[in-house]
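Please model the complete structure; the sequences and the hints are all you need to start from.
FYI, the numbering for the sequence shown is 4 to 263, going by our numbering.
Hints in this document: simulated from the structure, not taken from any laboratory. Be aware that a few hints might be false.
Simulated restraints on C-beta separations [claimed, not checked]:
#1 ALA154 with THR231: 29 to 35 Å
#2 SER68 with ARG44: 30 to 36 Å
#3 VAL232 with PRO8: 29 to 35 Å
#4 THR123 with GLY215: 28 to 34 Å
#5 THR179 with ARG49: 41 to 47 Å
#6 VAL232 with ALA154: 24 to 30 Å
#7 PRO71 with GLN27: 16 to 22 Å
#8 THR32 with THR123: 37 to 43 Å
#9 ALA159 with SER29: 32 to 38 Å
#10 GLU75 with ALA227: 37 to 43 Å
#11 PRO71 with ASP113: 26 to 32 Å
Below, a list of computed lysine to any residue pairs in the SDA-like style, where the Cα atoms sit at most 25 Å apart [as the list claims (entries may be wrong)]:
#12 LYS255 with PRO242
#13 LYS255 with TYR117
#14 LYS255 with ASP111
#15 LYS255 with GLN190
Each residue gets a CB set at the ideal place from its N, CA and C atoms; glycine is no exception.
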Amino acid sequence: MPREPYYVQSLERGLAVIRAFDAQHSELTLSDVARVCGLTRAAARRFLLTLTDLGYVRTDGRLFSLAPRVLELGYSYLSSISLPEVAEPHLERLVAEVRESSSMSVLDGDDIVYVARVPTSRIMRVAINVGTRFPAYATSMGRVILAGLPAADLDAYLARARLEPLTDRTLCTPDTLRAELAQVRRQGHAIVDQELEEGLRAIAAPIRDRSGTVTGAVNVSIHAARATVDDIRERILPPLLAATAAIEADLKIAARRPVG
4 MPREPYYVQS
14 LERGLAVIRA
24 FDAQHSELTL
34 SDVARVCGLT
44 RAAARRFLLT
54 LTDLGYVRTD
64 GRLFSLAPRV
74 LELGYSYLSS
84 ISLPEVAEPH
94 LERLVAEVRE
104 SSSMSVLDGD
114 DIVYVARVPT
124 SRIMRVAINV
134 GTRFPAYATS
144 MGRVILAGLP
154 AADLDAYLAR
164 ARLEPLTDRT
174 LCTPDTLRAE
184 LAQVRRQGHA
194 IVDQELEEGL
204 RAIAAPIRDR
214 SGTVTGAVNV
224 SIHAARATVD
234 DIRERILPPL
244 LAATAAIEAD
254 LKIAARRPVG
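Given below as structure tokens:
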């Protein structure tokens with residue numbers, strides 16, 4: 004696909020180098036980065052050394068890793084929105100009531116990104132922190148956000164997203180996912196039963212702005228051995244909906260607050 008005239012490919016590649024590092028690959032060699040990013044060794048070296056000079060990457064001469072300064076990139080986004088700050092006390096009260104972990108996420112591309120989280124205990128194999136990403140189609144928060152998309156945007160998502168079976172329960176065809184999203188839209192919440200990870204169930208409800216647009220989602224996740232889907236709907240859904248309503252009310256107040 005041809006790029007727009009304004010498109011800066013070097014910026015795209017530089018960001019790809021930063022994204023090459025993750026929890027499973029906190030240290031990479033020059034060759035590793037070149038392979039992951041599809042770059043020549045010479046190009047990967049230039050990007051890595053530039054990022055090192057800027058303070059975003061550090062190296063011992065052989066291995067490269069992200070430096071703490073890279074957090075500034077995410078902090079700039081988080082500090083520019085009020086959503087996590089407004090939501091966190093409500094998530095804390097929700098967790099205290101249901102005694103299960105709760106999180107908030109927004110849609111970024113085809114993934115959800117966690118912007119707030121109040122954990123109780125670790126129930127997933129993958130550690131979840133602010134900034135963690137999961138494919139939207141296989142998560143309860145992703146589904147309530149996708150269900151709130153305009154029809155054209157949802158069509159585009161279903162046409163391009165890579166829908167892969169993460170467990171043997173994952174809904175991963177456009178038709179089954181579209182039908183599920185229609186149900187989510189009607190009922191106002193989503194329950195995902197061991198589709199992202201075996202043994203994990205989650206329920207989510209949307210966060211809407213003053214215009215009614217879905218801008219994020221809040222979930223409660225629970226180990227499958229501790230609650231059936233019916234238990235989750237009966238015990239977790241009412242306090243979850245109360246929490247999202249309280250967050251939306253506070254967001255409306257925050258939107259009216261004068262700046263300065």
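Check the structure against each numbered hint from earlier and tell me which ones fail, lowest number first.
Numbers 2 and 3, in rising order.
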